[in-house]
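Asker: Each protein sequence line maps, in turn, to chains A and B.
Counting in the numbering used here, the first sequence runs from 1 upward without gaps.
Counting in the numbering used here, the second sequence runs from 1001 upward without gaps.
Just so you know, the hints here were simulated from the structure itself, not pulled from any lab data.
Just so we're clear, the structure is a prediction, and the values are computed from it rather than from any experiment.
Heads up, some of the hints might be wrong.
[Claimed, not checked] Derived DEER-like restraints, expressed as beta-carbon distance ranges:
#1 A:LYS129 / B:GLN1077: 49 to 59 Å
#2 B:PRO1227 / A:SER213: 55 to 65 Å
#3 B:GLU1012 / A:ARG166: 18 to 28 Å
#4 A:PRO266 / B:PRO1126: 40 to 50 Å
#5 B:THR1004 / A:PRO266: 38 to 48 Å
#6 A:LEU183 / B:THR1007: 37 to 47 Å
#7 A:ASP172 / B:HIS1221: 18 to 28 Å
#8 A:LEU258 / B:GLY1146: 24 to 34 Å
[To be verified] Residues on chain A that point at chain B, a partial pick, calculated with CB under 8 Å:
#9 ALA144
#10 ARG147
#11 LEU148
#12 THR149
#13 HIS241
#14 GLU268
#15 THR272
#16 SER273
#17 PRO274
#18 ILE283
#19 PHE287
[Unchecked claim] To list a few chain B residues with every Cβ distance to chain A over 10 Å, as calculated:
#20 HIS1006
#21 LYS1091
#22 VAL1144
#23 GLY1216
Quick reminder that beta carbons are idealized off the backbone N, C-alpha and C, glycines included.
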Amino acid sequence: MMPAQELAAGPARSAGRPVVPRLEVEPALVSPDQATCQVKIAAHRLSAWFGAQQVLRGVSLDMPRCQVTAIIGPSGCGKSTFIRCLNRMHELTPGARTEGVIALDDQVVNTRAVDPVLLRRRVGMVFQKPNPFPSMSIRENVLAGLRLTGSLRRGAGDELAERALRQAALWDEVKDRLDEPGLGLSGGQQQRLCIARALAVEPEVLLMDEPCSALDPIATARIEDLIHELRLRYTLVIVTHNMQQAARVSDRTAFFLLGELVELGPTERLFTSPSDPRTEDYITGKFG
Amino acid sequence: MPGTRHTDREYEAQLGELRERLLAMTARVVEMISASILALAARDEELARRTIERDHRVNRDELEADELCLQILARRQPMASDLRFITRALKMVTDLERIGDLAVNVCERALDLAELPPLKPYRDIPRMAELAQGMIRDAIEAFVSGDSERAAAVLARDDEVDRLYESVYLEILSIMRREEGVLESGIHVQSVAKYLERIADHATNLAEEVIYLLKGRDVRHQGKLDPGSSP
């Protein structure tokens, strides 16, 4: 039994937004400058395994609302696993397990009392490779999440699709062909379509796992411009191999190595004067 | 994982080349200062002219180092200590090039003074030159050895050069008030002292740049910023 589950109490859901148990201990999860930089989602002593292999080792990380937190690190450092733990996608892998606490608005969410499907409505995700549903039109792709959760009101589809596509900065490019297949779009447009699909369910946190690694520089610039817009409304966490991208889009950057959080700092400091020599070596390209 | 060298050897070589260029440029300007003071004291016009010629090489050093920095910025997108090194190298070459120009100015005054009767034996001016050269050398050796305390020690020595300049200025002023026909040489000698004082200022800049490069801490203009601004 995970410690987080022992902390959990109360009903798991209500008619509307999922109700998750209050976190009654670990005040350190709440940032001291909460008034201006309130923590939206936090991991506390989070460890994760694939079978016997441990891939995260006691990571504690606060991600403030309306900020972009970038996670960088070499392949296999646990950065993708980390964000997949935040919306409990990690546990979908057979043999995978976690220990520690994930808290959303100070409420523990990695407990059996919380429905992971409802959690993923609040904590959306965009993946490395654009993955629009191949048989669906652009409009249906955007609305797919709402349909899956049965929360699409009759007659509201067009309005919701337009709103999500506008937020994803794709509306002007697709407004005349909403019924055409999503796969007919360019790679960059497909990725923005996936962002629109994630935004349509009105999440509070958006996790992005290498969202531009399959895109050309122009499409990448559009997504990065979009990230600057989205940070005004959402809490964003982006995993990227591209350090320049982390430097361009994020407010704070976390460096992971061998499953551990080595250093977390304001992006402008971490890329100019990192504190830990392991961060320095990684970002200057000294890999031993 | 920690290593001491960049995994990309070409990048490592480019950074090494920039470092070597900075060291060579430093050696050249320090030699120019020595030669300019020797030319002044020995009234050696030939040495003054040769030293002026050497500034062309320093100018070329500046252009080549700037170009190398630009290439590294454009092609490598340096981070952390590498980024601090490149951005500071751009400033350091400017300071070194200005030091070269000031050594040329000393030589030009040496040529002027060689045609005039000697004003007085030089005492404080060689001392100023020695101090300024020591400051440049120590700033650059701090850079080479990664010793930020050595760079910090350079900063305090600028005050001593300033005091010597003040002393030379007052002495020249007194001679010019007292004696006939020394106005022109007095102005030239005072100019030389001013050039050396400016060289020490550039050496101070070098030390500040080295401290930032090594520690990521900006020590420029301490206590000299308007209250509303943040460093």
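Asker: Look at each hint and say if it fits the structure.
Answerer: Here's how the hints hold up against the structure:
| no. | hint | result |
| --- | --- | --- |
| 1 | A:LYS129 / B:GLN1077: 49 to 59 Å | violated (25 Å) |
| 2 | B:PRO1227 / A:SER213: 55 to 65 Å | violated (46 Å) |
| 3 | B:GLU1012 / A:ARG166: 18 to 28 Å | violated (47 Å) |
| 4 | A:PRO266 / B:PRO1126: 40 to 50 Å | holds (49 Å) |
| 5 | B:THR1004 / A:PRO266: 38 to 48 Å | violated (27 Å) |
| 6 | A:LEU183 / B:THR1007: 37 to 47 Å | holds (39 Å) |
| 7 | A:ASP172 / B:HIS1221: 18 to 28 Å | violated (48 Å) |
| 8 | A:LEU258 / B:GLY1146: 24 to 34 Å | holds (27 Å) |
| 9 | ALA144 | violated (38 Å) |
| 10 | ARG147 | violated (43 Å) |
| 11 | LEU148 | violated (41 Å) |
| 12 | THR149 | violated (42 Å) |
| 13 | HIS241 | violated (14 Å) |
| 14 | GLU268 | violated (11 Å) |
| 15 | THR272 | holds (6 Å) |
| 16 | SER273 | holds (3 Å) |
| 17 | PRO274 | holds (5 Å) |
| 18 | ILE283 | holds (4 Å) |
| 19 | PHE287 | holds (4 Å) |
| 20 | HIS1006 | violated (5 Å) |
| 21 | LYS1091 | holds (15 Å) |
| 22 | VAL1144 | holds (19 Å) |
| 23 | GLY1216 | violated (3 Å) |
Going down the numbered hints, you'll see the structure goes against 1, 2, 3, 5, 7, 9, 10, 11, 12, 13, 14, 20, 23, while the others check out.
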